[in-house]
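Student: In the order they appear, the protein sequences are chains U, S, F and X.
With the first letter of the first sequence counted as 1, position 282 gets the number 609 in the numbering used here; the numbers rise by one all the way through.
With the first letter of the second sequence counted as 1, position 90 gets the number 417 in the numbering used here; the numbers rise by one all the way through.
With the first letter of the third sequence counted as 1, position 100 gets the number 427 in the numbering used here; the numbers rise by one all the way through.
With the first letter of the fourth sequence counted as 1, position 193 gets the number 520 in the numbering used here; the numbers rise by one all the way through.
Where hints are given, some of them may not hold.
[Said to hold, decoys possible] DSS-like cross-link-like pairs, simulated, lysine-lysine; straight-line CA separation at most 25 Å:
| # | chain 1 | residue 1 | chain 2 | residue 2 |
| --- | --- | --- | --- | --- |
| 1 | U | Lys586 | U | Lys547 |
| 2 | S | Lys340 | U | Lys340 |
| 3 | F | Lys340 | X | Lys547 |
| 4 | U | Lys547 | U | Lys519 |
| 5 | U | Lys547 | X | Lys547 |
| 6 | S | Lys547 | F | Lys547 |
Calculated from the structure, these hints are not laboratory results.
Since the model is a prediction, treat every value here as computed from it, not as a measurement.
4 protein chains.
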Amino acid sequence: MNFASDNTAGVSKAIFDAILSANEAFSSPYGTDPWTARALSLLREVFETDLVCFLVTTGTAANALALGALTPPWGAVFCHAQAHVMEDECGAPEMFTSGAKLVGIAGEGGKIALASLAAALATFERGNVHHVQPAALSLSQATEYGTVYSLDEIAELSEIAHAAGLAVHMDGARFPNALVALGCTPAEMSWKAGIDVLCFGATKNGALACEALIFFDPAKAANLPYQRKRSGHTLSKGRFLGAQMAAYLENGHWLTLAKTANAQAKLLAEGLAKIPGVRLPFLPQANEIFAILPERVDVALKKAGANYYDWPWPREEGTALAAGEKFVRLVTTFMTADIEIEQFLAVAGRSARSDAND
Amino acid sequence: MNFASDNTAGVSKAIFDAILSANEAFSSPYGTDPWTARALSLLREVFETDLVCFLVTTGTAANALALGALTPPWGAVFCHAQAHVMEDECGAPEMFTSGAKLVGIAGEGGKIALASLAAALATFERGNVHHVQPAALSLSQATEYGTVYSLDEIAELSEIAHAAGLAVHMDGARFPNALVALGCTPAEMSWKAGIDVLCFGATKNGALACEALIFFDPAKAANLPYQRKRSGHTLSKGRFLGAQMAAYLENGHWLTLAKTANAQAKLLAEGLAKIPGVRLPFLPQANEIFAILPERVDVALKKAGANYYDWPWPREEGTALAAGEKFVRLVTTFMTADIEIEQFLAVAGRSARSDAND
Amino acid sequence: MNFASDNTAGVSKAIFDAILSANEAFSSPYGTDPWTARALSLLREVFETDLVCFLVTTGTAANALALGALTPPWGAVFCHAQAHVMEDECGAPEMFTSGAKLVGIAGEGGKIALASLAAALATFERGNVHHVQPAALSLSQATEYGTVYSLDEIAELSEIAHAAGLAVHMDGARFPNALVALGCTPAEMSWKAGIDVLCFGATKNGALACEALIFFDPAKAANLPYQRKRSGHTLSKGRFLGAQMAAYLENGHWLTLAKTANAQAKLLAEGLAKIPGVRLPFLPQANEIFAILPERVDVALKKAGANYYDWPWPREEGTALAAGEKFVRLVTTFMTADIEIEQFLAVAGRSARSDAND
Amino acid sequence: MNFASDNTAGVSKAIFDAILSANEAFSSPYGTDPWTARALSLLREVFETDLVCFLVTTGTAANALALGALTPPWGAVFCHAQAHVMEDECGAPEMFTSGAKLVGIAGEGGKIALASLAAALATFERGNVHHVQPAALSLSQATEYGTVYSLDEIAELSEIAHAAGLAVHMDGARFPNALVALGCTPAEMSWKAGIDVLCFGATKNGALACEALIFFDPAKAANLPYQRKRSGHTLSKGRFLGAQMAAYLENGHWLTLAKTANAQAKLLAEGLAKIPGVRLPFLPQANEIFAILPERVDVALKKAGANYYDWPWPREEGTALAAGEKFVRLVTTFMTADIEIEQFLAVAGRSARSDAND
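One chain only, chain U, in its complex shape:
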């Protein structure tokens, strides 16, 4: 019963086979190989537009490089107060921007509230040298709480940002899961909605270690090759990144993987919702479920070997937890088997009822 993280899953067979087949002969290094070229070509097809892309091994690298390209050291990046770039990258955006400031914006369910963004932007006086200058907006899709921005929400936030002269970055570590949830096209959820730079995740969705940093405006990427090299993220045997990304995109493999993960999350969420005492404070739209569990349920699950993380309760979200409640995160992946979900729900259900009967 492993629901700890997308990172605990492995590599899909199709992607693994592609890595293997890229290993057959000598090839040119640093991303000048045919697999990387094929990946770029597929990305252009999938996103229905011209674009430039840089393949790297981690989401932190992709996000930090993206923000480094969009923000000067005296710039400000607006993001959700609990965004990954804000809380979970040990200051990588600050390192790659040479010290820019991230400004956390409140908003329920991991989504930046439109009014809060507007209010925050208004406090930064342009041209006033005492203040850092607004430079970028960063959206996470899916969000840190497993919710998904609608196309309209993305477009409205982007519009505010663009009107204020900011570039818009999307942390798409779970882009595929969000896309499947919305049922729209990749173009609709990115550049057509105002996204300038997208970190398009594959690692959490079945790749070994591969993220595509995509610039829809090539001019913004002019210095990226140097920034990538200088941060140690230009792989010498770059073909293995290209092979992962190409296989990921071929025949909609990436969507198949995400559909599985989302479907399993749905199954799990629906099961949980029926268990007495369990609450789901955020709508689980992608492959993450945040649940409030009665303590006895949590204890029983862990005793039964279920693997998942306790999660810090977001301060700004309405009511606090009741005594004896636990806030936890459950993540499903393309590898999550039905049996794991059934077992999990069985243990949870049993312990909840025994609790009720005390």
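Position chains S, F and X relative to chain U; hints supplied.
Tutor: Relative to the frame of chain U, chains S, F and X by itself:
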């Protein structure tokens, strides 16, 4: 006939199989997996000492993280004037040290001359706030020109450095090739000779993307976990780094790979030495050969499809090239086949003689 | 009627005369002069303890150097959400710490609330590489809203910080005004209450350009000489900083200046409080008054030539402004004359009453 | 007998009086005052062109801010191997450029040799991500060894730099002394010769602490206001910088000061040249004299109370010092009195002759 770079070779079968077998089930992320633990255990065995290690995907990351751990922003790193950290990492050491200064030291054949290091150190006044303060010495083993420091040379340079309060870093992107050339133990070529921090290369020697950043003094590594994460080099599916490194070390696989590469270099170098007009300015001790080719030979080889790089002639090395001479680099790897060398030498020999007959 | 800023005032006569007298002959550079030595000696006397100090020309430099000495790039600095280091230094702390993160803590009247600090600290998991690590607490005394922490408040906040392993910095750009307000000793308001590093302001209180960066623990200052030089803040003719600071401290001159500024603020605040429609949302304890003015009063004052800044209403403070109200800041200094205050109050009073009569 | 540094002299009377007169009333802060406006106007007059300027307190700040404006973190700055930016600013350029690389170019007498610059530039492959990218050339006028580039030399070096896409910076800490030596106009020695950004020194030539960072191309200065603030170099009472610079420029006061310093250097150099055993390895063109003294002369001078610095012998300059020779630097200033020179020469002459008689 591919002699362009170690990076153009692929992944050895043993290492690939290990990656595959690590993919079978869920595993804990960020290097908390059994493969990474096994790699650490093997490194301790191979180096006959306690040590801490961090696995990363590129040599540039390993070097820059190492120097970042050893050098404050107001520090100076002494290295060879043509060292990889100086010339080929687009300023990664400067980025990871928040702006330290690299001081290039001259020396023939890619080796830092003892007297030049001493002279350079003497020009930095300690405690004088106008000057950056000496913090680290960085040695490349094998060097940028395919030569290898003797154990005595390493020990003497380390001794000068330590006496001056500097830590000693070894860029061991080709550590295995140098080790095989010297025929000594890994311990002798590292901590026993005064090395404090070693970047132990695997990528150039048959791994997919894996370098071990090794601290022989764990205290110096205290902040490395944050520095690695913050630079985007903490892989989520860390088991795939662990699996590479473990397989690389099991049963001396890494030495087998390096021995093959070195043997092929020896074959190629001996063949080249017999060809009229070809000169080898540096002793080819590891798996790189730097050769001066008559222009006609160079033209004939490239026409025949040989793949190798022209190389900038190092300014400080004695005599200049004669008119019509080309300076080139040839690299052999564990994948280099005898037939490639034979073909290369045949074309070179034929064109050289036809040249002589003109 | 100039109430725009302490920065609009000039230099006190005693300080100016000291600069002049330091100019009479050759002197040794970079702070190795007798005036700087005298300043250090006086600081030790005034603070009743051993200490090391670095004189610089701006408060931003002093604060940023202080935080740079206390915080690694992967560190977090906790400060009030509206602190000067957070909002008014264009990212200087981020620059001098090579990219640390400032975490804004809420609290009424510019003061960090004890519970909020504790709550914020609790969200940072120690040793978890995904999170920046708490490194320093920064308090502003007097605060950005003209209020003053009590000795107990400072001690309690410091205690929480120290217990969590943080160093405590005090931004004392208006330290003298706060000290006069509390009527305690400099030692009581600094190291005795747990302050490790103090930026002791003089510029706002009658110096030309001089701030003392004081370390009560000399060990923490070990690298400061390099950090200061490297940021361009080591003045060659350092004696002119020493002369300012020495004259500032001689015979309690600094306290005399601050007493005047505070007394004038009291006079102004008391007068304002009597004017119908004027509200003072924060208790004016030092030399700054934050006032909510009816629009007509604001218009009349500006028309009469009064010089002061509109101020952004702090979002988190309870009620919003009513329509037609202006939030403004008024600052008094050692140069503020009684007549200016009388004129200001007269205009304000007249316009307020005419308003009431409409 | 003080010949230690220009920094040991004080402030000229005209400049001091200007500071005093700027102190009479309230004034607007951060350089929005009339004195700063006047300084800008005078600079435009003196340089016969439009320009933007930023006044700061130290030469290190001016240089580092200049290079920060011209060079990205992955850029290279070419300068003389012994340039102040290279050796005497504790890495400030690296800090302000977020880690760019300074490339030291050899050249006799502190001057960059044209051929060496061209050769160095040729080794950096444009667009090759492994290499930092050439971004700026930095010239020191006068040089670190008291010599002065001719207008032709500046123009030729600038031309090479511009042709290669580099911006050209002049470290003019002793610009006035060089200008007086050449007898040309400020425009001729700066923008007319290809200089894009000039650090125009005043501190060493009679100001308290004031340097003008001048951009002849305003577009290059677009971000400077933020970079200055963020580095703590935006003085709140900015009028005192404006007052210094304005008084410095009024009525050619700066030239008068420099003429005095240069004339005294000439007197001293001519006297030294006549003393047996004393050698002047570099032509003293400005206000610095580098002399090789017989040991006995050095001892006698120091015993007599003469104040000057021993200097490290530049490695690359031809012959080494003979045994018993000292290499020293002597600096004259606007405050240097004839009597000091006479005394110095008398002691030196006497000890040299007694030496010869031994």
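Student: All hints are to be evaluated individually against the structure, with a verdict given for each.
Tutor: For each hint, the structure was consulted:
1. Lys586(U) <-> Lys547(U): Cα-Cα ~32 Å, so violated.
2. Lys340(S) <-> Lys340(U): holds, 18 Å
3. Lys340(F) <-> Lys547(X): Answer violated: Lys340(F) to Lys547(X) is near 40 Å, above 25 Å.
4. Lys547(U) <-> Lys519(U): Status holds; Cα separation ~17 Å.
5. Lys547(U) <-> Lys547(X): holds, 19 Å
6. Lys547(S) <-> Lys547(F): Holds: Lys547(S) and Lys547(F) sit about 19 Å apart, inside 25 Å.
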